[in-house]
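Chemist: Given next are the chains, with one letter for each unit.
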Amino acid sequence: MVAAVTEDRTERSERPVRTVRTSRPARKRETLVDRIFLIGVYALLITFLLAVLLPLVYIVASSLSSPGAVSSGRVFLWPVEFTLRGYEVALSSPKILRGFANSLFYTAAGTLISVTLTVMLAYPLSRADFVGRRVLTGAVVFTMLFAGGMIPTYLVVQAMGMLDTRWALLIPNAVAVWPAILAITYFRTAIPDEVREAGELDGASDIRILWKLVLPLATPMLAVIALMYAIVQWNSYFDALIYLRDESLYPLQLVLRNILILNTDGGGDATSSLERQQLANLLKYSLIVISTIPVMLIYPFVARYFTKGLTLGAVKG
Amino acid sequence: MTPAPLPAAAATRATADVRGRPGKLRKSIRRRWQLYLLVIAPLAYFLMFKYVPMVNGIIAFKDYNIIAGIWASEWVGFEYFERFFSNPMFTTVVSNTFLLSLYALIASFPIPIILALALNEVRGRLFKRTVQMVTYAPYFISTVVVVSMAILILSPRIGLATDILGFFGVPPTDYLAQPDFFRHVYVWTEVWQTAGYSAVIYLAALSAVDPGLYEAARVDGANRLQKIWHVDLPSIMPTIVVVLILSVGSIMAVGFEKAFLLQNPLNLSQSEIIATYTYKLGILNADFSLATAVGLFNSVINLVLLVSVNAISKRVTGNGLW
Numbered sequence: 001m002v003a004a005v006t007e008d009r010t011e012r013s014e015r016p017v018r019t020v021r022t023s024r025p026a027r028k029r030e031t032l033v034d035r036i037f038l039i040g041v042y043a044l045l046i047t048f049l050l051a052v053l054l055p056l057v058y059i060v061a062s063s064l065s066s067p068g069a070v071s072s073g074r075v076f077l078w079p080v081e082f083t084l085r086g087y088e089v090a091l092s093s094p095k096i097l098r099g100f101a102n103s104l105f106y107t108a109a110g111t112l113i114s115v116t117l118t119v120m121l122a123y124p125l126s127r128a129d130f131v132g133r134r135v136l137t138g139a140v141v142f143t144m145l146f147a148g149g150m151i152p153t154y155l156v157v158q159a160m161g162m163l164d165t166r167w168a169l170l171i172p173n174a175v176a177v178w179p180a181i182l183a184i185t186y187f188r189t190a191i192p193d194e195v196r197e198a199g200e201l202d203g204a205s206d207i208r209i210l211w212k213l214v215l216p217l218a219t220p221m222l223a224v225i226a227l228m229y230a231i232v233q234w235n236s237y238f239d240a241l242i243y244l245r246d247e248s249l250y251p252l253q254l255v256l257r258n259i260l261i262l263n264t265d266g267g268g269d270a271t272s273s274l275e276r277q278q279l280a281n282l283l284k285y286s287l288i289v290i291s292t293i294p295v296m297l298i299y300p301f302v303a304r305y306f307t308k309g310l311t312l313g314a315v316k317g
Numbered sequence: 001m002t003p004a005p006l007p008a009a010a011a012t013r014a015t016a017d018v019r020g021r022p023g024k025l026r027k028s029i030r031r032r033w034q035l036y037l038l039v040i041a042p043l044a045y046f047l048m049f050k051y052v053p054m055v056n057g058i059i060a061f062k063d064y065n066i067i068a069g070i071w072a073s074e075w076v077g078f079e080y081f082e083r084f085f086s087n088p089m090f091t092t093v094v095s096n097t098f099l100l101s102l103y104a105l106i107a108s109f110p111i112p113i114i115l116a117l118a119l120n121e122v123r124g125r126l127f128k129r130t131v132q133m134v135t136y137a138p139y140f141i142s143t144v145v146v147v148s149m150a151i152l153i154l155s156p157r158i159g160l161a162t163d164i165l166g167f168f169g170v171p172p173t174d175y176l177a178q179p180d181f182f183r184h185v186y187v188w189t190e191v192w193q194t195a196g197y198s199a200v201i202y203l204a205a206l207s208a209v210d211p212g213l214y215e216a217a218r219v220d221g222a223n224r225l226q227k228i229w230h231v232d233l234p235s236i237m238p239t240i241v242v243v244l245i246l247s248v249g250s251i252m253a254v255g256f257e258k259a260f261l262l263q264n265p266l267n268l269s270q271s272e273i274i275a276t277y278t279y280k281l282g283i284l285n286a287d288f289s290l291a292t293a294v295g296l297f298n299s300v301i302n303l304v305l306l307v308s309v310n311a312i313s314k315r316v317t318g319n320g321l322w
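Those protein sequences? They're chains A and B, same order as listed.
Under the numbering used here, the first residue of the first sequence is numbered 1, with each subsequent residue one higher.
Under the numbering used here, the first residue of the second sequence is numbered 1, with each subsequent residue one higher.
Honestly, the hints are just simulated from the structure, not real lab data.
Check each hint, because a few of them may be wrong.
To be verified - DSSO-like mimics (lysine-lysine), calculated; alpha carbons at most 30 Å apart, straight line:
no.	chain 1	residue 1	chain 2	residue 2
1	B	Lys128	B	Lys227
2	B	Lys280	A	Lys95
3	B	Lys27	A	Lys212
4	B	Lys280	B	Lys258
5	B	Lys258	A	Lys95
6	A	Lys212	B	Lys24
7	B	Lys227	B	Lys314
Nothing here was measured: the structure is a model prediction, and the numbers come from that model.
If we strip away everything but chain A, and leave its shape as in the complex, we get (with noise of 0.2 Å):
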């Protein structure tokens, strides 16, 4: 009992507390009331935990069963009538590995595009001799307190020539502010002023002391935000919607929109029209999955760093 209290307590704050509750062994033991109360909290938690668990498992498991039971509502948590015949379906019909190589295009190179502008945007506005960052930070942020609009940028991005290009995915959306914040930040407070102090004597330029003494210090920074980038950009769809008309260009997320809210066909070579019902329906299923495996895998990783980003913009921010 002594033990878990004592381990609770350590986990919020560091070691002075864990000294003076040591020094006061079982001083107090729960009261039937906190025990009562805590029973609650953890069947709240439970609760929560299954609210966000189910309709996951209950997609997964549907994935993997027979076109014919998840037709006629048989599957519940468990697979039924084990097969792979969605990821099948849905790995042969090319629309689909076309949406999914064009995500991969447009994540990866949107990806770089959007850490180097924000990394070039927010070296220069860190930096305490760089005249003027007051006013650009500010210009910067007031972005977020008001846009334009949708039409207004649309007609920027048409005048541009970039309507119906893979471009419109990778540029009009290229920079945040939350990211850009969270880099400035960094760079003022994690990274010593020494470092570029060291940098000047030996004579280096501005842009060599960024490349080769402040980034290889900053790479947690960049890999949360590259990561960050990544996620909303493999996610989107909205940009595609209005920006592009030429379906080989679509990113995965507005084929499975078309295939899993418009209800058009998803390809498939199904004979009787019963089993290519049946079969769209699975599909569906697996589609979910294929989709949201990438994001899946690396979310811990962006998790983990997310939550010290969170606490270092709101302490030093």
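Since chain A is already given, all that's left is putting chain B on it; use the hints.
Modeler: Quick look at chain B alone, frame taken from chain A:
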């Protein structure tokens, strides 16, 4: 993790600031031209894609003509705003936007706080981590997928919801075909997706609570609930206020993405909101000026809301965004 700025560093910063008083900018550009070079591209981006659209917003006051372009199009004053205000859709989309947002705010504001406070009581690290990681995960799932999942789960014949409700004797219904259910589906999928993420902010605030306060509460014989009420809640109040300002300030800024995906011809009477209406007017009907007027109307309301909520909060609680 992050070392505090060293006194030496602070000193050099101070001298750097003092060094140039008159002609500060020119001197700085000469000395630091590479920094200015770096910043050009991102600034061009903000100029092009954020500030030019703000200027383009003037087409709300013009009769925009694609051939004449933005500048040569004729001024029409507030004609498009009047057209919007007198349109029967006006009341519908504004009230739909407002009600949807208010409902989302009321439902999704307290839940992350409760989740964070509950997690904070848990002793087992593994359990705590698991709950945190699992509840956090949906935040990273795309809107398209979340909406698809909702549609599949709520589907009248085969969905999970039908199974569970059927267990309690509720007959299967096609929820998404009923306008009344649109808001519930929207809001509760929102809660499902963001509660874990929003709780992280409060957990961070809770981890910064002065341990001395807990000691004091313990000495005073506080039970767990009293400790939450008298120590935890007041300690995270500044965070709560900031989050509340942000949510109230953006109450009319309901995103386009999810509402659009959940829309179908049957539920439009409640699911048509300002953002989706703008999209239909502008992108689908190419009525650029009217759509811009509608969008601008919305942006101005958002800005006014955010600024006033912030001002009120500053006066009342002393906490604000700026």
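Chemist: If you test the structure against every hint from before, which numbers come out violated?
Modeler: Checked against the structure, no hint fails, so every one of them is satisfied.
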